[in-house]
Structures are given as C-alpha cells and as structure tokens.
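Generate coordinates for the entire structure from the input sequences, incorporating the hints supplied.
Protein chains: 2
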Amino acid sequence: MASSSQNSGLVINLLQGDKRALAKAISLVENDEDSSSDLLNEIYLKLGRGYRIGITGPPGAGKSTLVDQLTKEFRKQRKGVGIVAVDPTSPFTGGALLGDRVRMSEIAMDEGVYIRSMATRGSVGGLSKKADDVADILDAFGNDYIILETVGVGQSELDIAESADTTVVVLVPESGDSVQAMKAGLMEIADLFVLNKADRAGADQAFTEIQSMLELSNKKDWRPPILKSVANQGEGIAEIIETIAEHRDFQSQQNLLEKKRKQRLFKKIKSIVRFRFEQAFWDETAYKTIDETLESYRNLKMSPYKIADELIENFKRKLERKE
Amino acid sequence: MASSSQNSGLVINLLQGDKRALAKAISLVENDEDSSSDLLNEIYLKLGRGYRIGITGPPGAGKSTLVDQLTKEFRKQRKGVGIVAVDPTSPFTGGALLGDRVRMSEIAMDEGVYIRSMATRGSVGGLSKKADDVADILDAFGNDYIILETVGVGQSELDIAESADTTVVVLVPESGDSVQAMKAGLMEIADLFVLNKADRAGADQAFTEIQSMLELSNKKDWRPPILKSVANQGEGIAEIIETIAEHRDFQSQQNLLEKKRKQRLFKKIKSIVRFRFEQAFWDETAYKTIDETLESYRNLKMSPYKIADELIENFKRKLERKE
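Here the protein sequences line up with chains A and B, keeping their order. To convert, note that position 187 of the first sequence is 187 in the working numbering; the numbers rise steadily by one, no gaps. Here the working numbering runs 1000 ahead of the position in the second sequence, where the first position is 1.
The hints are simulated quantities; they were obtained by calculation from the structure and are not laboratory data. Built from N, CA and C at the ideal position, the CB exists for glycine as well. Be careful, since some hints might not be right.
Unchecked claim - Calculated pairs, DSS-like style, for lysine-lysine (alpha carbon to alpha carbon, straight line, at most 25 Å):
| no. | chain 1 | residue 1 | chain 2 | residue 2 |
| --- | --- | --- | --- | --- |
| 1 | B | 1318 | B | 1288 |
| 2 | B | 1288 | A | 259 |
| 3 | A | 288 | A | 267 |
| 4 | A | 267 | B | 1262 |
| 5 | A | 306 | A | 316 |
| 6 | B | 1306 | A | 260 |
| 7 | A | 46 | A | 262 |
| 8 | B | 1306 | A | 318 |
| 9 | A | 288 | B | 1262 |
Said to hold, decoys possible - Pair by pair, the computed Cβ-Cβ distance ranges are:
| no. | chain 1 | residue 1 | chain 2 | residue 2 | range |
| --- | --- | --- | --- | --- | --- |
| 10 | A | 242 | B | 1048 | 55 to 61 Å |
| 11 | B | 1252 | A | 202 | 42 to 48 Å |
| 12 | B | 1211 | A | 225 | 37 to 43 Å |
Structure follows, in structure tokens:
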C-alpha cells in the first residue's frame, strides 16, 4: 500500500507525541482524504490508553465552561487532554462560535491541551464517525483524557455518547422541566448528571426532579449520581472528576469497559462499511442518473424507490465489470 | 410483484381517506416490513397535495402546545391535519411522554386529526427517513397539512426540517442566550421564528437578540420573520398561520417549493439506497464474522478497517454467486 508507507513517518511521529503530526493527522481525517483510513488502521492497535469523557446537554447548560474547568484540573495533575467540540453548523459562523473562540484562547495556550472544533455541515451520521476518528488520533497521540463535547440533545449526541467511556449529562435549573430533559433521551446515556449553575433559583427543585426520574430507572449496574456545580466559579469540579474516576474503576472491575469498547468497535465497523459503500456507490454516473431524473421531475413517472432500484442495478453491473 | 398486489387494496383505501388503511399503512412503514417500500412506491406519484410544516426548537419551548393550537385553527378551516411527533427514546417511556399523551387525548378526539409519535430507538438517520415516509402516507391519505414536530436541536432535527415545506423554529425567552440557539444551527433551517411564552420576562430582549442575529444572515430570498406567541393562551396563533401561508405563496411564486421538493426527493433516493444496501449487507454471516472477531477482542490483531474490508469482500462474493 503506497499510502501506508506515505503515512508511516506521520504515524511514528504521532505515536511519539509530536504536536505537528497530531494536527496533520486530524486534518487528514477531517478532509476525508483516502489515506486517512490507512492512518487510522495503522494506529488502531495502539489505542486504549486515553480515557474518553463525553459531555452533553441542552444549549446554554454551560458545557464549554465545565470542559474548561475539568481540563484545568486534569492539567494540574499533569495529564494530557484532547478535546473534540462538536457543533452543529451555523451559516453565520461556520460552526465555530465566539464563545468557543474565547475559551480556546484561554486553555489553548497550554501545551498539554489540544482542542478541535468540528461542525456538522449537515451530514447524516458522518460527524459522529469523524469525531470518533479524531478521538482515536488524540488517543494515539498519548492523551490521558479525551473529552467529547457536544451541544444539544439529538441523534448525533447519542452517537457521540456511545463513543465515550463515561458520559456526563449537564443540566441547569432552567433546563428542567426536567421531564423535557428526560424526553430528550439524556437519561438513557448519562453515567453522571451535573446540575450546573446550581446557585440559581430552582436548583433544589430540579435536583429533586432528576432524582425522582432516576428512581424509575431500570439501570442495574451503575446508578448515575447527580452532582451540583457552579462551573464558572470552579465549584463542584473536584467532585465531578472524582465521580468519573469512580465510574471508571467500577467499569474496570465489572469488565464493563471492555464491553463498551467492543460495542464501539462494532459500531465503527458498521460506519466504515457504510462510508466505503457510499464512496463506491455515489460516483459521477450515479449522480448523473439522478440529476437526469430530477430534471424531469415535473413529469416524473418514477418514484424514488424505482430510481433507487435502477441505481442499485447499475452499481451491481459496475462491480461485475471490475471483477 | 406479489407484495404489490397484496397492497393494492390498502393503497386504494388509503387514497380514498380510509382511517383504518392509514393506521395500517403507517404500521407497515414503522415495522420495516418488506411490503412498505412497495406501498410507498405505489403512493408516491399521488403525493404533493399536503403542505408540510416542521416545528422544532429546544426542549421546553412549548412545541407540543403550539402544534395543538395550530391544529385547532386548521380544523376550524375544515382542513385535515396529520401530525408526526418525533421523540428521542427514553428508557422509561419508550419515547411516548406523559405530556404528549395528555395532548393527544385532547385533539385525537377530532376525526380530522391523525397523530403519530415516533421514537428514535437509537438508529442513525433511520428515523428521519421513517418520519418522511409517514409524512408521505399522511399526504396520500389526503391531509391538507402535515406537521412534523421534533424535540431538540440535533442532526435528526435538521433532517426532519429538510422534509418540511416551511420550518418553524420555536424559542422561549429563557432558551436564549439566543447565541446558544444560533450555535445549535436553528438559524440555518428557520423559515419563521416563533418566540413562545412571550409574556415572560426577557421576551423583548430575546426578540432583539434574534433580530440582530438575523441581520447578519446571508439568506437572500426570504428573511425569516419573528413572531411572538403565548401558545397556551392561543395568542399569536393566527399570525403564525398567516405567515406560513405567506411563506408558501412566496415559495410557489419563486418556484422554490419545487426546488425544495426536488432536494427532498434526492435525499430520499439516497436514504433508500442506503437502507437497501444495509439490509443486503448485514445478513447473518456478516454478523457472525463480526461476532467472532469481537470475541477475540482482547487479542485483536485486526483493526476495524481490516475487518470492514473483509466483510466487503465477502459481500462482493455473495453478490457474484447470486448473479
């Protein structure tokens, strides 16, 4: 494999903790260059040292500030931290936001921290695969902690939570209506709840509400604790880090971490297969076929199901010719 | 096609507005039965009468109440309304929520309204396809309006917005930090903003914030208006309906509606292709191969990339044998 040997210098440098190699490897992944699968393939068997923490919750819950504080705390312990911040794209900002920029300038000065913001750009499922790939690279680089931060409560958040070893769901007193938070599926993915901005009115009530929802939970192994924090004042951060460590220990003892990582591997295989299929399928000819059909949309005689059938037949013929 | 003739009675009844046929057709789609693509294929060329309204926004914004009020208003005009409410799954409720149930019992008594709640169940991309399919069926049934209601601000919401002719983004004074709402990509998809619970403190400030973000917008054709409402008191509903009608007229005049529906068709073809591929690919043998590899995960010598390659080779061989 030509591309494999092209990457080998990059792989060696990355595994040795070279920051330039890290930036280059992440760019490769983000730009979907062909050689990125080779790179990811080569580093894969070196992974598993970094611990992955997912931080999710509704907009405005203070996730960025919390990630900031956790990072500072980890840095005090001389741990390396990689951060993947996932943002749905805004047409105004291209996915990078003023708030993030401010934050980044603060902790990005630290040599032991690497931050990468990623935007969705509207691709279904594609983002969670990429975020996971970037996490792999941050792991290979030798980071002790990889933090996956996502905004919102949609499908991509659930996907990214699946990529984490411990998932922290951040809520605020105003975001409950905790019932609404439950509705958003956050209960399902939380290993730990953080009620942030806990100095605000309604914090006790929100705490009680989350607690009573949790009592209905059928989670057997690990009952997610609820912690309070005031992230912008650094309150509650040490307790969060302690609880993450407890959850990590618990999972190691129960062999759950390995199970979780197996599931992650399975999911990864599925997404690689999907990605490769789509790359092979959606060539120029397929797009042309579809364009021609869409051109005559007004007089459309074919449903999308028939058009799909035709494209699939074309694809099979293409595969045969290649054999 | 055997299944096609099996469905023809169902198709006829559905197109004639039979409520039982509607329920049955939706069940077919939701349960992924093979005959559902045949059904969808048969009805496809009969579509386009119903107008699709997407309602999205952060949890707690009052979307359900708003949908309720819009529906009641449409019903006063003797219009048929179909509602697809998309919910991320909660392990406690299976995706259906107390609030929804209360609501449903209120407007579900109306013969001219059909409501279907759908849960994500963790499938990537699958839900938006299904919601779109259900919308097709509600359209074929003869509904004048199809309302797609989604909670949250993630990828699935963006997908579902793409399925709508007019997308209404619902915000509340407390949900801004409007900057956070922008971050969530809601600006990109909004044809119309509704600031709900506008009788609460901070409404004017939130209104101004949304307004100034919109001034930065590069949307050329249609500048999304911002309306205020107090949905649970029925305030502002008439204006919302009027603005939706204006947006509809605008799009018709500018030929934008056809363009939007073309894009929807294109997206649909892509998702059908993906769905069919995954159905063909992930057979028992593929799962077995993957299980065996995962069993030996501890001593894993293969990266997921190599495993994916192997599965793809197996799949190609399977296709060849079938030819």
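Now the hints, each set against the structure:
1. B:1318 to B:1288: Distance ~15 Å between residue 1318 (chain B) and residue 1288 (chain B) Cα, so the pair holds.
2. B:1288 to A:259: Roughly 17 Å separates the two Cα atoms, so the pair holds.
3. A:288 to A:267: Outside the cut-off at roughly 32 Å; violated.
4. A:267 to B:1262: violated (32 Å)
5. A:306 to A:316: holds (15 Å)
6. B:1306 to A:260: holds (20 Å)
7. A:46 to A:262: holds (15 Å)
8. B:1306 to A:318: Roughly 23 Å separates the two Cα atoms, so the pair holds.
9. A:288 to B:1262: Roughly 15 Å separates the two Cα atoms, so the pair holds.
10. A:242 to B:1048: 55 to 61 Å: holds (58 Å)
11. B:1252 to A:202: 42 to 48 Å: holds (46 Å)
12. B:1211 to A:225: 37 to 43 Å: holds (42 Å)
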